[in-house]
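2 protein chains.
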Amino acid sequence: MVEWLGSFGKSKSNGVTRQLYSTEWRCAQKALEKRMNKIGLDVYFDDVGNLFGRLTGSRENTTTILTGSHIDTVIDGGKYDGAYGVIAGMIALQYLYETYGLPKKNIEVVSLCEEEGSRFPMTYWGSGSITGVRTIEDVQNLVDLQNISFIKAMQDSGFGQGKYRQPKRNDLDCFIELHIEQGEVLEREAMPIGVVSHIVGQKRYEITVIGESNHAGTTPMAWRKDAMYVASGLIQLLIQRAKETNSDLVATVGQLNLEPNIANVIPGKATFTVDIRHSDEDVIDQFSKKLFKEFQSIADRHTTDLKIKNWMDEKPTKMCEKLIEISELILTKDQIPYKKMASGAGHDSQMFSPFCATSLLFVPSHKGISHSPHEFTRTEDLEKGIRLLIKLLYELAY
Amino acid sequence: MVEWLGSFGKSKSNGVTRQLYSTEWRCAQKALEKRMNKIGLDVYFDDVGNLFGRLTGSRENTTTILTGSHIDTVIDGGKYDGAYGVIAGMIALQYLYETYGLPKKNIEVVSLCEEEGSRFPMTYWGSGSITGVRTIEDVQNLVDLQNISFIKAMQDSGFGQGKYRQPKRNDLDCFIELHIEQGEVLEREAMPIGVVSHIVGQKRYEITVIGESNHAGTTPMAWRKDAMYVASGLIQLLIQRAKETNSDLVATVGQLNLEPNIANVIPGKATFTVDIRHSDEDVIDQFSKKLFKEFQSIADRHTTDLKIKNWMDEKPTKMCEKLIEISELILTKDQIPYKKMASGAGHDSQMFSPFCATSLLFVPSHKGISHSPHEFTRTEDLEKGIRLLIKLLYELAY
Chain D
1 MVEWLGSFGK
11 SKSNGVTRQL
21 YSTEWRCAQK
31 ALEKRMNKIG
41 LDVYFDDVGN
51 LFGRLTGSRE
61 NTTTILTGSH
71 IDTVIDGGKY
81 DGAYGVIAGM
91 IALQYLYETY
101 GLPKKNIEVV
111 SLCEEEGSRF
121 PMTYWGSGSI
131 TGVRTIEDVQ
141 NLVDLQNISF
151 IKAMQDSGFG
161 QGKYRQPKRN
171 DLDCFIELHI
181 EQGEVLEREA
191 MPIGVVSHIV
201 GQKRYEITVI
211 GESNHAGTTP
221 MAWRKDAMYV
231 ASGLIQLLIQ
241 RAKETNSDLV
251 ATVGQLNLEP
261 NIANVIPGKA
271 TFTVDIRHSD
281 EDVIDQFSKK
291 LFKEFQSIAD
301 RHTTDLKIKN
311 WMDEKPTKMC
321 EKLIEISELI
331 LTKDQIPYKK
341 MASGAGHDSQ
351 MFSPFCATSL
361 LFVPSHKGIS
371 HSPHEFTRTE
381 DLEKGIRLLI
391 KLLYELAY
Chain Z
1 MVEWLGSFGK
11 SKSNGVTRQL
21 YSTEWRCAQK
31 ALEKRMNKIG
41 LDVYFDDVGN
51 LFGRLTGSRE
61 NTTTILTGSH
71 IDTVIDGGKY
81 DGAYGVIAGM
91 IALQYLYETY
101 GLPKKNIEVV
111 SLCEEEGSRF
121 PMTYWGSGSI
131 TGVRTIEDVQ
141 NLVDLQNISF
151 IKAMQDSGFG
161 QGKYRQPKRN
171 DLDCFIELHI
181 EQGEVLEREA
191 MPIGVVSHIV
201 GQKRYEITVI
211 GESNHAGTTP
221 MAWRKDAMYV
231 ASGLIQLLIQ
241 RAKETNSDLV
251 ATVGQLNLEP
261 NIANVIPGKA
271 TFTVDIRHSD
281 EDVIDQFSKK
291 LFKEFQSIAD
301 RHTTDLKIKN
311 WMDEKPTKMC
321 EKLIEISELI
331 LTKDQIPYKK
341 MASGAGHDSQ
351 MFSPFCATSL
361 LFVPSHKGIS
371 HSPHEFTRTE
381 DLEKGIRLLI
391 KLLYELAY
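Protein chains in written order, with the working numbering: chain D, 1 to 398; chain Z, 1 to 398.
For reference, chain D alone in the conformation it holds in the complex (with noise of 0.2 angstroms):
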């Protein structure tokens, strides 16, 4: 089913192209409700594309339970990110009507329309749509790499005319989320699930060394304003203090531009990003502080100037302890193997966990490798995470 999900919008590569309100996307939205009507639920999509299957719960006025993931892809991305939390949604309810037919409460499975932000400068566009976090001024000015609207993509999809119901959501009891883990940790400590505590904080900034360019042959290394130089110098400290303050704790430099960038002219200018991420807000700002000063004397001691500038905050997210702890019951009746652990990325959940109680769990990806036609998870994986899902929901449900 993973193999049929990720035929809509196959890349060259064979891995999958699936950006929100394109053809691929529609196509792939499409074929999942035929899907859904099949194994009999009640199918409805909201106004901004989203699309649920849903089983009424026989309690009268009951809320609802959540479960699914988004079906947009960044740009030549894998087939089980987002997919497999949509196709283990529908697998499980399918199961679960089967088995035990109706639920008291409403179980719905979602296929969220965006969470990538890869067509247009906009994430999370699906749940936050239905946390009422995100609105439609939130994108009106919002225009893809071929200029097309946001407005526009949206309304030739068929959405965003209210010809559907609005998104915003007041029934959801919880949201359950099952995800491939993006990173490397569950498969090399040999666990098939992972039960996520937090979604982690990040911090991201713009560091920038002035410095001052000259002529690399005529300048005599004592007398330099060197920009790289003591760019790189910050680079060392920065690395070697993340690895040595907590071991949850990553920081990263993934964009580096020189100026002018050319080989015979020393840089007068670096500008670099920072990405600091923790569990913990307090220690990403200690972490910071302290770097930060000593960023400040390095720059002092070789007398250039230096600007940091904060450009994302987000704070790290809780998800629910009760449905923590009802996992944790399940997978150790089961006698499967978990690890209880913070996620480095995003996900949909950090928008439905202040809105109402959220649970994220994951299963491996080989290698760590996502975002890439080589993402890759074992089918006994995907299959334990079906499980666990099910024998969730029926505890929270039926």
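Calculated directly from the structure, the hints in this document are not laboratory data.
Each hint should be verified, as a subset may be incorrect.
Said to hold, decoys possible - Listed below are the simulated DSS-like cross-link pairs for lysine-lysine, each with C-alpha atoms no more than 27 angstroms apart in a straight line: (1) D:K225 x Z:K243; (2) D:K293 x Z:K340; (3) Z:K168 x D:K243.
As the list claims (entries may be wrong) - For the chain D half of the interface with chain Z, some residues (derived, Cβ under 8 angstroms), not all of them: (4) Q182; (5) L258; (6) I262.
Cβ atoms here follow ideal geometry from the backbone N, Cα and C, with glycine treated the same way.
Starting from the known structure of chain D, arrange chain Z on it as the hints suggest.
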């Protein structure tokens, strides 16, 4: 006169843009031709656009003493780079002629058509054509950024059609180039004149560190193969080694590019340039050899791959000892302080040096600034340079 010549191709920022075979370049050469005629020189172009003004020697079948520099500039460059050497030569020839009449040997001033390589990927086109190192075959397939071919640009300027004499010369006795230092050494040491002993050799390398691109959130620090981290360690080492090795050695990382260069992805690949210069080739070679051994062990320690590619290897060029001695005698006699020094930048002199006795003489550059509208040399320093040139030409030709 510097201001007058600088008016041809004057840029908005009060700099000069006078690229090879441009309208500005053509106007400047035509204006120089007129001025050379006016001061009584025999004036002629060669077929690549080098402009010569000649005082014909009284001896029969005598050789020629050539002085001058280049007329082309980088984009938004300064008024002094190249131009000073041309102007100084004209003033010197005028003074010598008016004071002493015709010399025994021929003396010529040359306004070389091109040195900078800032329009086409070709440097030293003027001096290279005179010395036979460059020929028409070398420029046959070159185009500029506007896709105009070298040949077409040359022909549109009236050259390259056999209308003028062939550029290759066999009558040159020596070449004397007066130039701004383009560095800060003379100013800092309060020396009005630099007598150049060598033009340094330079080797340029492209260093590639290949690590593993991975998710910045889900990959623990201990498992990373971070190409940026490893590269920053190599850069730190390079600069530290350069500082401690030899006070005359300079090493520069001017260019660095990451892949994929995205804030939330650990760089899988870092490519950077290394530019190493010294007047002794052995010093460069020993330094590089030792350094790259250390590079390799750092890369190995982080289990990253390392590629080292040498893409430029310019040998050091020695200036003529005898001409240096004559300059030193003149300066000592006139009680002008001077510094015998290496040139960290390349000059037309390095094309002439293997071909005929060659001397390169510097005047100070304020703050070492060059290739910039802020290029500046004090009038009294310009004058000291011209006085030295006059006396040197007198020694050689009268």
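Outcome of the hint check:
1. D:K225 x Z:K243: 13 angstroms, holds
2. D:K293 x Z:K340: Violated - the C-alpha atoms of Z:K340 and D:K293 are around 44 angstroms apart, more than 27 angstroms.
3. Z:K168 x D:K243: 63 angstroms, violated
4. Q182: Since chain Z brings a Cβ to about 5 angstroms from D:Q182, closer than 8 angstroms, the hint holds.
5. L258: Holds: closest Cβ of chain Z sits about 6 angstroms from D:L258, inside 8 angstroms.
6. I262: Holds. Min distance 5 angstroms.
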